[in-house]
Amino acid sequence: MKTEYKIIVDLIEEKTRVLDVGCDDGTLMDSLKRNKNVDARGIEISKDKVQTCVSKGLTVIEGNAELDLKQFPNDSFDYVVLGQTLQAFVNPEIVIKELLRVGKKAIITIPNFGHWKVRLNLLIKGTMPITESLPNDWYNTPNIHMCTIKDFVKFSKIINFKIFKSLALTNKNISNINNSNLFYKNLFAELGIFLIEK
Amino acid sequence: MNIKENIKTLIIKKPLKLDCGKTINNYPLAYETYGSLNKNKDNAILVFHALTGDQFVTGINPITKKDGWWSYAVGPNKSIDTNKYFVICANVIGGCMGSYGPSHKNPDTNKIYGTDFPIITINDMVNAQVNLLDHFKIKKLFSVVGGSMGGMQVLQFISNYPDKASTVVPIACTSNHSAQNIAFNELGRQAIASDHNWSDGKYLSNNTLPDKGLSVARMAAHITYLSKKGLQEKFGRKLQERDALKFGFDADFQIESYLRYQGSVFVDRFDANSYLYITRAMDYFDLVKQFDGNLSNAFKKTKAKFFVISFTSDWLYPTQENKDIVIALNAIGADVGFVEIKSDKGHDSFLLDVPDFLKTLKNFLNKSYSER
Chain A
1 MKTEYKIIVD LIEEKTRVLD VGCDDGTLMD SLKRNKNVDA RGIEISKDKV QTCVSKGLTV
61 IEGNAELDLK QFPNDSFDYV VLGQTLQAFV NPEIVIKELL RVGKKAIITI PNFGHWKVRL
121 NLLIKGTMPI TESLPNDWYN TPNIHMCTIK DFVKFSKIIN FKIFKSLALT NKNISNINNS
181 NLFYKNLFAE LGIFLIEK
Chain B
1001 MNIKENIKTL IIKKPLKLDC GKTINNYPLA YETYGSLNKN KDNAILVFHA LTGDQFVTGI
1061 NPITKKDGWW SYAVGPNKSI DTNKYFVICA NVIGGCMGSY GPSHKNPDTN KIYGTDFPII
1121 TINDMVNAQV NLLDHFKIKK LFSVVGGSMG GMQVLQFISN YPDKASTVVP IACTSNHSAQ
1181 NIAFNELGRQ AIASDHNWSD GKYLSNNTLP DKGLSVARMA AHITYLSKKG LQEKFGRKLQ
1241 ERDALKFGFD ADFQIESYLR YQGSVFVDRF DANSYLYITR AMDYFDLVKQ FDGNLSNAFK
1301 KTKAKFFVIS FTSDWLYPTQ ENKDIVIALN AIGADVGFVE IKSDKGHDSF LLDVPDFLKT
1361 LKNFLNKSYS ER
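Those protein sequences? They're chains A and B, same order as listed. Quick note on numbering: the working numbering labels position 197 of the first sequence as 197, and the sequence is numbered without any gaps. Just add 1000 to the spot in the second sequence (first one is 1) and you have the working numbering.
Worth double-checking, as some hints may not be accurate.
Within a straight-line C-alpha distance of at most 16 Å, the following computed EDC-like cross-link-like pairs (lysine to aspartate or glutamate) qualify [claimed, not checked]:
#, chain 1, residue 1, chain 2, residue 2
1, B, K1303, A, D39
2, B, K1078, B, D1353
3, A, K33, B, D1356
4, B, K1323, A, D68
5, A, K33, B, D1335
6, A, K125, A, D137
7, A, K49, B, D1356
Simulated coverage check for chain A against chain B, where a stretch passes if three residues somewhere in it have a Cβ under 8 Å from a Cβ of chain B [stated by the list, open to error]:
#, stretch
8, 55–62
9, 68–75
Taking beta-carbon pairs under 7 Å as the criterion, some of the chain B residues facing chain A (in silico) [stated by the list, open to error]:
#, residue
10, T1009
11, I1011
12, K1105
13, S1178
14, F1291
15, G1333
16, D1335
17, G1337
18, V1339
19, E1340
20, F1364
For the record, the hints were derived by calculation from the structure and aren't laboratory data. Note that the Cβ used here is the ideal one computed from N, Cα and C, for glycine as well.
Start from the sequences, fold in the hints, and give me the full structure.
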């Protein structure tokens, strides 16, 4: 299982209710069910992946986070997870607000656009960066709102949500992000993982 | 109809108060079963049939000598695996395959009911069928499954009997009939009523049959079960056993010939008055209204696990209407999964060989069964 998922599983408390938005093939939900005895639900846009989830016995609805989060009442989950898709939404602000309406807490992971390879790619080649975590060309990428770890921290102040825990994933190593190391983490982390609250 | 010997019938002694206010008792409910009930009696699935279906879900239908209406989905090792599950299906009341309906005699007058038969609702249908659970001494079904009108019965069943099923699978259905659906049903009913042989529903006493009207009703309905794309691909403008147009009103096009055929075989197996009664029951179905405008309340008492399935090309019960059920369930934190299956086969997709659908249904049931 991806290190990212292991970190998320560690962040989530046992026997809670979790909604995985963009749950993909259900790997994370499955692990949450097994390891944390979690009541897990998923939303996934791809029909094939929904069918894969069903074959694993997971409760998933086919849908789109921007349209389908609306149907869940306030605080209906303890955690809502959004893995590496915030940058693909038309309006990330509304999505974060919806996540925090539906869930008491949210876990958001973002591919860090501030990573040195991304910066170097643009600086040297002069073309839009293509890396392992950002494999698409500019014209076919689903990512329309890329951000860096620093941007996300800044965003928390702009739209007013609390970052409860922020973690950096660098070469499969996990470390805490704080004000004093933000510059370095923003340069070296491939992924930022944030546990947030209203 | 000389079909009685192949039909299993349960006589329901317990009086059933119908929504129309009348009460029926000592009425027959025809049913069929497949597979066997296990010791714990926890492997039973109640399948509900659609408008023109019957209790003969799979295998050869002993009356029509054709494949059962859900042969693709139900049988050994199929989506609803009869090696594993005990499948029960009853003919709806108001129907014409042995259950109490308009072709039965009114015990008070000793005449065939015809349109004197009381109006039946989806609620009445499931309230009649729940008696099968007592008959088989089943406390709780593993699942209730059905498509189209069968799906409406699924929803009504779990609403009426929240503790009587562990899993709930409404397929290609709705929580209330749209104006368009009522309109199509009315077209069918008017086609039957305008056939001279219908004689205000008294045709069985007169020894005539409103074949023409029923056949037109079926033709019109059949179009609504398919999709534009599916029709175009299958028939296009292909001509029927001729090289050129005949400049007349014979069936020049294959689609015309196909529809005429569908109409003609339908009248051999279906009763015109039953068609009126069952379409009326569908039109009257409004689970939202039953719960004062809040569909969520229909499911508040149940802990069952739901799985809702719709089809991309189904314009009779489109995805949005299926999704409204999902939304109502999510609003109360119910355990609900949902998938829209890609298919060009229209509303009929659930009856046909649509591998993604059959696989998904199988996976949902088998996984839920092993985790129960």
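Each hint tested on the structure:
This hinted pair checks out: B/K1303 and A/D39 have alpha carbons roughly 14 Å apart, not beyond 16 Å. With a C-alpha separation of about 11 Å, the suggested pairing of B/K1078 with B/D1353 holds against the 16 Å cut-off. Restraint check for A/K33 and B/D1356: the C-alpha separation of about 26 Å exceeds 16 Å, so the hint is violated. The hinted pair formed by B/K1323 and A/D68 meets the criterion: a straight-line CA distance of about 10 Å does not exceed 16 Å.
In summary, the hint linking A/K33 to B/D1335 is supported, as the alpha carbons are separated by about 14 Å, within the 16 Å threshold. Taking the CA atoms of A/K125 and A/D137, the gap is about 14 Å. The hint holds against a cut of 16 Å. For a cut-off of 16 Å, the pair hint linking A/K49 to B/D1356 stands: about 12 Å separates their Cα positions. Against chain B, the stretch 55–62 of chain A contributes 8 residues with a C-beta closer than 8 Å to a partner C-beta. That satisfies the three-residue criterion, and the hint holds.
Counting residues of the stretch 68–75 of chain A whose beta-carbon sits less than 8 Å from any beta-carbon of chain B gives 3, enough to reach three: the coverage restraint holds. Interface restraint check: B/T1009 against chain A, minimum CB-CB distance 37 Å, threshold 7 Å, status violated. Against a cut-off of 7 Å between C-beta atoms, the interface hint on B/I1011 is violated, since the closest Cβ of chain A lies about 40 Å away. Of the supplied interface hints, the one on B/K1105 is violated, with its beta-carbon coming no nearer than about 48 Å to a beta-carbon of chain A, more than 7 Å.
The interface hint given for B/S1178 is broken, as the beta carbon of that residue sits about 20 Å from the closest beta carbon of chain A, more than 7 Å. For B/F1291, the shortest C-beta to C-beta distance to chain A is roughly 17 Å, which exceeds 7 Å, and the interface hint is violated. Of the supplied interface hints, the one on B/G1333 holds, with its beta-carbon coming within about 6 Å of a beta-carbon of chain A, less than 7 Å. Interface restraint check for B/D1335: the shortest CB-CB distance to chain A comes to about 6 Å, inside 7 Å, so the restraint holds.
This hint holds: B/G1337 has a C-beta 5 Å from the nearest C-beta of chain A, less than the 7 Å allowed. Against a cut-off of 7 Å between C-beta atoms, the interface hint on B/V1339 holds, since the closest Cβ of chain A lies about 5 Å away. Satisfaction of the interface hint for B/E1340 is found here, the shortest Cβ-Cβ separation to chain A being roughly 6 Å, below the 7 Å cut-off. At a threshold of 7 Å, the smallest CB-CB gap from B/F1364 to chain A is about 5 Å, leaving the interface hint in force.
Figure legend: structure checked against the earlier numbered hints; hints not met, in rising order: 3, 10, 11, 12, 13 and 14.
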